[in-house]
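K.L.:
From first to last, the protein sequence lines stand for chains A and B.
All residue numbers for the first sequence refer to my numbering, where the first residue is 1 and numbers rise by one.
All residue numbers for the second sequence refer to my numbering, where the first residue is 1001 and numbers rise by one.
Hints are computed from structural coordinates only; laboratory data are not their basis.
Treat the hints with care, as some may be off.
Said to hold, decoys possible - Chain A regions said to be covered by chain B (calculated; three or more residues, Cβ under 8 Å):
# : stretch
1 : 30–43
2 : 51–63
3 : 102–110
Glycine included, every Cβ here is placed at the ideal spot set by N, Cα and C.
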Amino acid sequence: GAGVSQSPRYKVAKRGQDVALRCDPISGHVSLFWYQQALGQGPEFLTYFQNEAQLDKSGLPSDRFFAERPEGSVSTLKIQRTQQEDSAVYLCASSSRRLAAEQYFGPGTRLTVT
Amino acid sequence: KQEVTQIPAALSVPEGENLVLNCSFTDSAIYNLQWFRQDPGKGLTSLLLIQSSQREQTSGRLNASLDKSSGRSTLYIAASQPGDSATYLCAVFETSGSRLTFGEGTQLTVNP
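If we strip away everything but chain A, and leave its shape as in the complex, we get (with noise of 0.2 Å):
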């Protein structure tokens, strides 16, 4: 079946621009992650959903990043007034319950931010 998929595979954003990148989990899975990954480095979490309850945001650098999953399928990370720190891929990973199940990741969406 079809897995995680996230778009745009690539987005280029001048500093300051905002930015929202896609995240369409697998069907049916109750527990959507955001991660960010700088080059060379493991990812780190960015936020949980379960359904669309946010349960967890603590990972957010600042206030200008948002997450939502409005109806508890598709998610979206926005980021405003983007920074050069910001250059990263941003990971979305699904799971099918609640928690610490096994989590499966999609490509991933690389943002640099010019």
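Given chain A's structure and the hints, the job is docking chain B onto it.
P.N.:
Then chain B, alone, in the frame of chain A:
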């Protein structure tokens, strides 16, 4: 705060060798540990998941072990092939949180 360390950071081996990748974590209060593979420019592919109550998991040429009390896991790759070349990441899911915490990865190169 949970910290995950992977050693070595990079490894280059000739084809056919058996090899071991190491992962250590500082807080043993975990639900599970997951090993991933990441190819350049790609997302993460789950290889093995070990629940906290398990000691090891096997899939094909891969075997992962977990010693929760000492905070260590190893990924054993038998008869390595050039197609195994990738970055291998381990991650733990803590009982106190809602996230995976990752190491920085081991970059493996298998030479033909």
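K.L.:
Each hint needs a verdict: does it hold in this structure or not?
P.N.:
Going through the hints against the structure:
1. 30–43: holds (count 6)
2. 51–63: holds (count 3)
3. 102–110: holds (count 8)
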